[in-house]
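Could you use the hints to bring the two separately framed chains together as a complex?
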Amino acid sequence: MPEAPPPDIRYVAKNMRLDLRLIAEMIPAGARVLDIGCGDGTLIEHLTREKGADARGIEIDMALATRAVAAGLAVIHGDADTDLAFYPDGAFDYVVLSRTLQAVERPREVLRQMLRIGRHAIVSFPNFGHWQVRWRLLVGGRMPETETWDRPWYETPNIHPCTIRDFFALCRLDGYVVERWLAADERGLKAPWTRSVWLANLFGEQALFLLRQARPGEAPGPG
Amino acid sequence: MDQAVAPFPVVDHQRVVFADGLALDCGAVVKPLAVAYRTYGRLNAARSNAVLVCHALTGDQYVAERHPVTGRPGWWENVVGPGRPIDTERFFVVCANVLGGCMGSTGPREEMTDSEGRGLGRPWGTDFPSVTIRDMVRAQKRLVDHLGIARLLCVVGGSMGGMQVLEWAAEYPEAVFAAAPIATAAHHSAQNIAFHEVGRAAIHADPDWNGGRYWETGRVPARGLSVARMVAHITYLSEQALTRKFGRRLRGASALTFLEDVFEVESYLRHQGSTFVRRFDANSYLTITRAMDYFDLAAEHGGDLANAFRGTRTRFFVASFSSDWLFPTSESRALVRALNAAAANVSFVEIQTDKGHDAFLLDEPDFHRALGGFLRGAAERVGV
Chain B
1 MPEAPPPDIR
11 YVAKNMRLDL
21 RLIAEMIPAG
31 ARVLDIGCGD
41 GTLIEHLTRE
51 KGADARGIEI
61 DMALATRAVA
71 AGLAVIHGDA
81 DTDLAFYPDG
91 AFDYVVLSRT
101 LQAVERPREV
111 LRQMLRIGRH
121 AIVSFPNFGH
131 WQVRWRLLVG
141 GRMPETETWD
151 RPWYETPNIH
161 PCTIRDFFAL
171 CRLDGYVVER
181 WLAADERGLK
191 APWTRSVWLA
201 NLFGEQALFL
211 LRQARPGEAP
221 GPG
Chain E
1 MDQAVAPFPV
11 VDHQRVVFAD
21 GLALDCGAVV
31 KPLAVAYRTY
41 GRLNAARSNA
51 VLVCHALTGD
61 QYVAERHPVT
71 GRPGWWENVV
81 GPGRPIDTER
91 FFVVCANVLG
101 GCMGSTGPRE
111 EMTDSEGRGL
121 GRPWGTDFPS
131 VTIRDMVRAQ
141 KRLVDHLGIA
151 RLLCVVGGSM
161 GGMQVLEWAA
171 EYPEAVFAAA
181 PIATAAHHSA
191 QNIAFHEVGR
201 AAIHADPDWN
211 GGRYWETGRV
221 PARGLSVARM
231 VAHITYLSEQ
241 ALTRKFGRRL
251 RGASALTFLE
261 DVFEVESYLR
271 HQGSTFVRRF
281 DANSYLTITR
291 AMDYFDLAAE
301 HGGDLANAFR
311 GTRTRFFVAS
321 FSSDWLFPTS
331 ESRALVRALN
341 AAAANVSFVE
351 IQTDKGHDAF
361 LLDEPDFHRA
371 LGGFLRGAAE
381 RVGV
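Chains as they are written, first to last, in my numbering: chain B, 1 to 223; chain E, 1 to 384.
For the record, the hints were derived by calculation from the structure and aren't laboratory data.
Keep in mind that the hints are not guaranteed to be accurate.
[To be verified] Here are the simulated distance ranges between beta carbons:
1) B:ASP79 <-> E:TRP325: 19 to 29 Å
2) B:ARG119 <-> E:ALA45: 36 to 46 Å
3) B:ASP174 <-> E:GLN352: 33 to 43 Å
Here the structure is a predicted model, which is why all the values come from computation and not from measurement.
Where a beta carbon is used, it is the ideal one built from N, C-alpha and C, also for glycine.
Chain E on its own, in the form it takes in the complex (with noise of 0.2 Å):
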């Protein structure tokens, strides 16, 4: 992995702008602020059946297509479609780049402008300004406005999209009839922070990083980047999903020859650090790690979770995977008493698998059961 890594392929993302831009937590203003979005399925008459999807750390937009720029099936194709859990016959699917990410929506990729808003023909890299899970969510929110939508039926996401929904009912409840964060947690935790750490530490320590400019020299730091996808990859996994698909198992070879011998794990770690540096921006993926570590729901309410879901009428499906040690079901069981204590309507399920934290991307049948059924039920409520 020693080339150069070609560019990003040129691709025109389907987007809106707003002309005057989104303060952020930090105090900085981004001026324009640019939501790259897709949408799926038909806005009813009422407007009354948007389903607001928001995706993980490296997820994007393309839910349910094939993406334009690494011409793979869309990351959630087996939850949104016709027919599926999210069913694009009946609701109308919207999911929105994050803000400082890098599919189109402003972000460290993208040209800096002043404050003004003029562009300065350079991007924004390092000098993007910190954001946070609730600036993300109030970059969505302009989406949505714009849209004509007052209210969501649904806003759903797993892992950091779990957060946004989280900070989506806090801060809009008026706009969420219901909400559904899947394998994730109302902070984050020491240990997911100490892994983006590691993460970020290989990004800057690759000779390609030039201090975050790395668009002057035309090489990205892909094996940084590289080794921080290959580390995070694997707190995605459990060991028992390790195991069952790689074992001990050499590539090309059945015994140890103590010369070149690859494990098929390490092989695939690889191979999943590779495609990666093809999609993603590294200061993007500082950028989004960073807003995640920040990410404490508790804090933002005065210490105590519950205030910030006190008086909700928003209902909940709160759902965790047994063998997801990065957003255990510990955080879980802690969000639904918060809710609990709340007097929220809420649904938890802990569903039975050995496919570790990305399991809310896998086929799991019970949890798209689960997740269709709450579904249907808050359509019922709101006559979708």
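In isolation and in its complexed conformation, chain B is listed as follows (with noise of 0.2 Å):
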């Protein structure tokens, strides 16, 4: 007979990404959440159900979209480029959005509804100026195929891809306080590049950010 599995297993969220767990993370009990492009609804039911929180999600597939209604949690069938926008103000203590930003239409206006509508947006994107990127179009002249970067160009669905100083750069244009961000291999393991951008926008593969907007008069950038 197999051994039964320890109970805290159940919780470890065994089939959660591992960046989903960094983002589940920065978020505190009993806060409201929206989850933009949540998938099946992993993130959304690991915080109603260890966190106590208010999750809600938007998803674009409708097929992920029903398997995360059949299992009860608030998700709706939605497109970020045109739904946030018929959110209220503060409605949410934060908004995510994971790995999601290079595939919607306008990342820009995307970020300025979730700041609109959440107190803090965690944002995560895979990292365009990861050393592998750049060595494949420097050496091969061909657009990079990596395990992150994984379709040919003529395919892709990833059309606003952006490295980690792109990134803090629309932050600083739009007035946006960096209150974390750290870097992660593909499989969402912290790496120790926090101290230096550079060498986090070579190595990271995975980029995460917590944001909020900056309060009248405080200059915008790293917090």
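Quick look at the structure:
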């Protein structure tokens, strides 16, 4: 007879992507959360069950949205590019966009909406500044295909790739304070590059940012 | 269909009568108020497991059992029953015949009463006052109170049933823990009204209409009511569904003879029409289609649909069907956006199907999974 798994295994969210765990760690108990591009609702379920959060989601893929709803989660079929505008100001404590920013039509507008409807935004995206990406373009002269950027240019959904430094620049431009940030490898393990944006931009495969709106008179950028 | 149609069989519907009656939106009072209803499953000790099902235009309270008039299975047996998405082993399911209906609730077919509630010895007929979706919901609220249920776990319904669900959530938010408006809209569109008007015109044009006092002649306006049903039935199906079921096939012939050819789709519609008149009252049809046409939830709340749900704690499940052109997904999406604007807790899916508006009544596994999951999630929250 196989040994029963230890009781805490259930929660460690065996099936939850590691980057979602990093995001979950940033969100305090009882928060109101909107997860944009929530997939089958793994993060929402985790936040609801483990943190008593009021967590909701938007998912563009109908099959995934249906699966999330069938699991009893408050998920709507919708599109980050068009549906955020309908939420009132400050409706959420945290608005999450994981691995989706590079795939939306208007990333700048989506970020603006996130920080309008939420007090904080948590954004993760694959870093186009990673050395392998640079190397392949430099040496091969072709659009880079890596573990992270795994679709050819003509069918990739990732129409707005950016680097970690690009993202910092946008935050400065639009007046967002970076409360926390970190770079991670493909599996979402924290990487020790956070002391240097330059190193993180070279070696981090994924980036994760916690943002808020700058207060009047406050300088944007790293908080 | 020239024959006089026999009057309905007399059936004793289970019902509760409220002697004080009901004040309607139009200003009239119907007194007494009778609400015919059916229940399935058992109410738990905490009275927290009640699910109210709201039926559509031509539905009734016989949700999950053999219909006493038609002898056919209940209209939502694939959704309501033991082990079904609305599981009667877990939930106490209630469905009431709508105010204005013809299966035992107060309506045009029932005996007319005066302001003291005394019977006048003739049906209401066209003298039955105009009712609204909100009036229907108020009548249901009386029933729910009568059953001793302070808060419904869920109110669920499709089409006109969905309109009632929305009205419930707007009117009695504290009495509705979860709401599932399906294949519906927050108002009846011009196109919806137009189709209804064709149906009403057909009834009015029937020689047996007799100004609505057809009980005097013993003949019902069966041809008109049948045509109304045929037109409406077309709107319940999609073009793909009609093509898949009938195409251009002929009845009893493989090629056109130009004599008495009947396309299969024609004979199907005629059958729909002729069976309908044996169970439905023409004056009820007029009353209820009007109630749907009047429905505009945003207008009831200062022109902003979000106002209808401001501050609500009800959890919503909105579902639409991709080939439904009578209550298209765009209407459901507008509803979801209004709910988002009101910061409501909402789930929304559009089910991919070619079955049109009728899909909410049919075997749609994705829909059933989503509805069942939503309901289980709500039940978990209240500890049912």
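Verification of the supplied hints:
no. : hint                              : verdict
1   : B:ASP79 <-> E:TRP325: 19 to 29 Å  : holds (22 Å)
2   : B:ARG119 <-> E:ALA45: 36 to 46 Å  : holds (42 Å)
3   : B:ASP174 <-> E:GLN352: 33 to 43 Å : holds (38 Å)
Checked against the numbered hints above, the structure breaks none of them.
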